[in-house]
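There are 4 protein chains.
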Amino acid sequence: MKKKVGLIGFGRAGKAIANVILQNQEFSLDWVYRRSTLLEKRSVPEFLGFESDEPGLIYSSSSISIDEVIKKHPVDFIVDFSSHETIFNYGAIAANNKIKIISGVSHYSNEEIDFLKQISNTTVVFWSPNITLGVNYLLFVSKFLKKIAPWVDIEIIEEHFKGKEGLSGTAIKIANALNVESDKINSIRAGGIVGKHEVIFGFPYQTVRLIHESISREAFGNGAIFAAQNLISKESGLYNFEDLLLPYFSH
Amino acid sequence: MKKKVGLIGFGRAGKAIANVILQNQEFSLDWVYRRSTLLEKRSVPEFLGFESDEPGLIYSSSSISIDEVIKKHPVDFIVDFSSHETIFNYGAIAANNKIKIISGVSHYSNEEIDFLKQISNTTVVFWSPNITLGVNYLLFVSKFLKKIAPWVDIEIIEEHFKGKEGLSGTAIKIANALNVESDKINSIRAGGIVGKHEVIFGFPYQTVRLIHESISREAFGNGAIFAAQNLISKESGLYNFEDLLLPYFSH
Amino acid sequence: MKKKVGLIGFGRAGKAIANVILQNQEFSLDWVYRRSTLLEKRSVPEFLGFESDEPGLIYSSSSISIDEVIKKHPVDFIVDFSSHETIFNYGAIAANNKIKIISGVSHYSNEEIDFLKQISNTTVVFWSPNITLGVNYLLFVSKFLKKIAPWVDIEIIEEHFKGKEGLSGTAIKIANALNVESDKINSIRAGGIVGKHEVIFGFPYQTVRLIHESISREAFGNGAIFAAQNLISKESGLYNFEDLLLPYFSH
Amino acid sequence: MKKKVGLIGFGRAGKAIANVILQNQEFSLDWVYRRSTLLEKRSVPEFLGFESDEPGLIYSSSSISIDEVIKKHPVDFIVDFSSHETIFNYGAIAANNKIKIISGVSHYSNEEIDFLKQISNTTVVFWSPNITLGVNYLLFVSKFLKKIAPWVDIEIIEEHFKGKEGLSGTAIKIANALNVESDKINSIRAGGIVGKHEVIFGFPYQTVRLIHESISREAFGNGAIFAAQNLISKESGLYNFEDLLLPYFSH
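Chains as they are written, first to last, in this note's numbering: chain A, 1405 to 1655; chain B, 1405 to 1655; chain C, 1405 to 1655; chain D, 1405 to 1655.
Fair warning: there could be bad hints in the mix.
Copies of the same chain are indistinguishable here, so a pair counts whether it falls within one copy or spans any two.
No more than 30 Å apart at the CA atoms, straight line, and that leaves these computed lysine-lysine pairs for DSSO-like [what the hints assert, rightly or not]: (1) K1445 / K1406; (2) K1407 / K1566; (3) K1551 / K1638; (4) K1577 / K1551; (5) K1588 / K1547; (6) K1568 / K1476; (7) K1566 / K1588; (8) K1551 / K1406; (9) K1568 / K1445; (10) K1550 / K1407; (11) K1502 / K1419; (12) K1419 / K1550; (13) K1476 / K1445; (14) K1475 / K1551; (15) K1588 / K1476; (16) K1475 / K1419; (17) K1407 / K1476; (18) K1551 / K1445; (19) K1566 / K1475; (20) K1547 / K1568; (21) K1408 / K1475; (22) K1588 / K1600; (23) K1406 / K1566.
These aren't lab readings, by the way, just hints derived from the structure by calculation.
The following block holds chain A by itself, in its conformation from the complex:
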């Protein structure tokens, strides 16, 4: 039987994630919970133009509490792509019902992180600010190469569409993980480039390049599903993406 998913947040990332979950055979999208009343009471499959027997009902927080939604439609996972403070609304009830939480929220305050830790005593809590498999893999194996060759020269190139302001958050995260200065991040802003990250490892007589190219936001959906698959048999606790990748190294 499919594992049931409730999705909190239905912005651009939320919609892409709903799209992916609906097409996946292991998980069903039971509901979406969002702040806006737009699309309220419609179903996601119908909204996205899918044939699907998954309910995917859209609820608005202005009409119904998350507690009631969960009571009406119990789920195995809550996937949260809303804003940081939402965790306080559903965290306790999710924990009490042993619903596993997968959060792709970009940033949490210290207080919110403390709360994540607290509820992770009772249920599985996973948080990854960039939830794509590819970027997390890149991060992981980049750190590994740096460990093997601590003296290697590292440069980062990140390419995005014209309007994007500031350094890419992912590039900053890579730089921090590799302990390189942010002046080693080279930002390209041109046309409609969706998103590309390249880590260059310069050795005296060879060069290694690790490249991640984004095609669309649906990659978040696949990341969330990968997380869900790898959290099914996990004990209560707070996890990040690296925790899910590490076991694949064992022989």
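Got chain A; can you put chains B, C and D on it based on the hints?
Then chains B, C and D, alone, in the frame of chain A:
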């Protein structure tokens, strides 16, 4: 004190390796042993135009036995970039003297591999047909990604200079390691390209590319030194490159 | 005042083109003419969710003839992304009304090409099977480099999503233009890659790579607009993309 | 019969150029003229380890004047990879003898440029600070694309070995030619990268990348030979690389 190295083989790869060892602070090049009598009794530093206090004497197998060379100049490591059958000439004496063996020979017969195993009961024996750090890293982390996402689409591009015949051995090794058919290896032959390998992992909404670019044969030298550094404290046994990389994963 | 455009064909390419024309300041989308009765009498801006004062009315060929549409809403350009035989329906009336024709149809029969030539005596007719600026630029400057260095080694890499069958038409066109065998086309099929073409020119001591990456079908729209801009002051005749690029070389 | 070449300057670039000329069937290396007395009176083929019937005699300016060298061994071309002021030593005599001059000198003063112009009334004078075919092609077709699409977003990436200081001169030249600010030049310094220049043209829905990768300095030699081939039938005058590429556009 520097660890002492004897080098067997002084072809193009051997020369490049000698070049790198001479410039390294942890290892000294004590002698070179080769079949040809060319350059016999000259010193490698002088031949390569270096100032160096490392002897780097060049011996020819037509004038002196390897046993005598080892007796005159005991070493900690033998680095072997000669041909496959040479192992029978120096393997036993190296093992008896606890000299660690680092072989970059491309191919050994089954009989030779059996001999490697036998002497590895007594000393450290390391064999890697492609001894560059970058290629072995690529191989390692490619297998890791395949394990994480067994269903991912994989394609390999290998680029080399115009004249190179057949598929690149490294590309074949990558294909085998990832269990992909050789028709997924795309061979580019153009101009003077030194050597480039790219593994493409195609996900539905993102692409990961792992690229290795060779600059020169000296990369073999750095690989040999990396092996030597990581073999110093190892027990007797037969090792390959993956065995050296694996410990870097432990936290 | 904006130049008026009528669009024939409203499949995936047609929709992308409509999208781009609607956002352009120099051209207005006056109508769409399509075979299907889907969306009939609705307006494109409303369908695509735009605020726009451009009419963009959708007509179906099952309800109204193209002659009537043109009579009701005279236009300066007809952009044709329908199928090859459609040219017979609108070619004569377009020519009689001096409406410039921009066709992005993939393939025409000899008979249809003869017809294009015939009407090009009376009006401007432009045909490009791949109407993106980038691909045509690549083609142009690749031929130029081949002319400068006829002996250079050339290889082509084309990358597309998993399901795409056969060689990419663009890659074949590049190969033909450069007079290289089709075994120099290396096809990568992986995940969701939208479309990438790379032409590698291998020189003995240097490599030149020309790369085109598609982000979305909207690129056809920009190509059509580029064509329209460069056809405004042209005399009657049959033009292709190269004819539009060539004048930019003059000093 | 082979065209005769005299080479002025025998540093790293000069040696690479000599290497290429010696292997070329259309041109012979008759002599090298250099400041240093190192290698004086030896022959280049013997020094580089070639079998060749081309003289390639090495003269030092401390022992013999360039006038005498030219008198003893008249040549068709002088290729100059020495320093900027050398032009005053041989310019007049070259012009008087209708010897064509190919200079790859990085920088000339205004006074020296005036002198180049003056002697170009009498003979063919060619000057290109970066004399590789690939870089000049890149420059040429980049300017062409900018002309076609003046509003396109442009970014430049230049990659070189760790130690290289300052922006690459070629990258600056590209930026100037395309009229983009130098903050669009992204400099990567890592390991032993020989030299890579990438110009990214970002369109809303597509990206064009033009890449030049250096393999070795011998590329200068091929550039010099390309220049010589294209100057054979030219009238007196001052030429740059673009002047040689332009005729290839004519149909």
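- Within a copy, between copies, both or neither: where do K1551 and K1406 come within 30 Å Cα-Cα? between (40 Å within a copy, 24 Å between copies)
Quick one: K1407 to K1566, C-alpha cut-off 30 Å, is that within a copy, between copies, both, or neither?
-> between (40 Å within a copy, 28 Å between copies)
Checklist entry - At most 30 Å between C-alpha atoms: does K1476 with K1445 qualify within a copy, between copies, both, or neither? => result within (14 Å within a copy, 42 Å between copies)
| K1588 and K1476: within-copy, between-copy, both or neither at 30 Å Cα | neither (51 Å within a copy, 50 Å between copies)
### Message
At most 30 Å between alpha carbons: which applies to K1550 and K1407, within, between, both or neither?
### Response
between (38 Å within a copy, 25 Å between copies)
TODO: Pop the pair K1502 and K1419 into one bin, within, between, both or neither, using alpha-carbon distances up to 30 Å.
DONE: within (25 Å within a copy, 46 Å between copies)
Check: For K1568 vs K1445, is the C-alpha pair at or below 30 Å within one copy, between two copies, both, or neither?
Finding: Neither. Shortest intra-copy (34 Å) and inter-copy (38 Å) distances fail the 30 Å Cα cut-off.
*How would you label the pair K1568, K1476 (within, between, both, or neither) given a Cα cut-off of 30 Å?*
Classified as neither: same-chain Cα gap 41 Å, cross-chain 44 Å, threshold 30 Å.
Discussion item. I want to check one pair: K1445 and K1406. Are their C-alpha atoms no more than 30 Å apart within a copy, between two copies, both, or neither?
Written reply: Within one copy only: 23 Å inside a chain, 42 Å across chains, cut-off 30 Å.
| said: Checking an output row: K1566 and K1588, CA cutoff 30 Å. Within, between, both or neither? | reply: both (20 Å within a copy, 13 Å between copies)
- Message: At most 30 Å between CA atoms: does that hold for K1475 and K1419 within a copy, between copies, both, or neither?
- Response: within (23 Å within a copy, 43 Å between copies)
30 Å Cα threshold - placement of K1476 relative to K1407: Classified as within: same-chain Cα gap 16 Å, cross-chain 57 Å, threshold 30 Å.
Comparing the model with each earlier hint shows violations of hints 6, 9, 14, 15, 18, 19; every other hint is respected.
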